[in-house]
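Enquirer: Chain by chain, the residues:
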Amino acid sequence: MINQAKGEPPPQVMALIAEAGLDYVGTVLEDETLYEFDLEGKPTIEMPLETPAVASAFAIFDKIIT
Amino acid sequence: MPFSIAMAGKGGTGKTTMAGLLVKYLTTHNKTPVLAVDADANANLNEVLGVAVTDTLGDAREEMKKGQVPSGMTKDIFMDMRMQQAIIEHDGFDLVVMGQPEGAGCYCAANSLLAGFLEKLTDNYPYLVMDNEAGMEHISRLTTRDVDILLIVADASRRGLQAGLRINDLV
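If you read the protein sequences in the order shown, they are chains A and B. Here my numbering = 1-based position in the first sequence + 105. Here my numbering = 1-based position in the second sequence + 85.
I should point out that these hints are in silico values taken from the structure, not numbers from a laboratory. We put the CB at the ideal spot given by N, CA and C, even for glycine. Warning: the hint list may mix true and false statements.
[To be verified] Footprint (simulated), chain A over chain B, 3 or more residues, beta carbon under 8 Å:
1) 89–103
2) 129–135
3) 232–245
Using the sequences provided together with the hints, build the complete structure.
Expert: Here is the structure:
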């Protein structure tokens, strides 16, 4: 998974991943809320589920966890 | 045998935060209990999870290696007791922290007790999430044997990606 991204990964990144035989499972974009929680030492698992980073991470986990 | 997910990736990519979110995901989807193992010497999975740590497996291992076993107790019973003390219980998940890495000298005996303990412990949980050493050193350790998913976290940087790709070569 690609984390702290500014956008969807460019084709070169996707090509490198494919070439390495890895499964790409998703991207989590940079998130101001997460950054602030972390900076203030607040447990990041207390972030609301609607926070973009949490929602993207959960979407990735939906795919990989049976 | 638990369904196990090991986190891997260069330091600073956010794998510990993701490990925490994974524990949160599992608990909110009633996939419990989860055993979270922080195998990173720069341990801070507990901060992400909002849990205080008093005892670590590394402390237990160090005491065993130094022979600080109370008289009247065998080493393995003492070690087992100390390792049990290192399990931090919470809602839907338990956390164990490896803590300090090995110092100088031979840790073979202590490590084999640790490995035995972890193997028995992990069998009690349907889900296991392991946060590992940044980089690749953990690949050769016991904790990433037989994982169901190795979740490689990379950031969008060249070096983050390369580190992630290199991990796959080692597996």
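Enquirer: It remains to establish, for every hint, whether it holds in the given structure.
Expert: Verification of the hints:
A count of 6 residues in the region 89–103 of chain B with a Cβ less than 8 Å from any Cβ of chain A is obtained; the coverage claim is therefore met, three being the minimum. Only residues whose C-beta sits within less than 8 Å of a C-beta in chain A count toward coverage, and the region 129–135 of chain B has 4 of them, enough to reach three; the restraint holds. Here the region 232–245 of chain B counts 7 residues with a CB under 8 Å from a CB of chain A, which clears the bar of 3, and the coverage holds.
Violation of the numbered hints given earlier is absent; every hint is satisfied by the structure.
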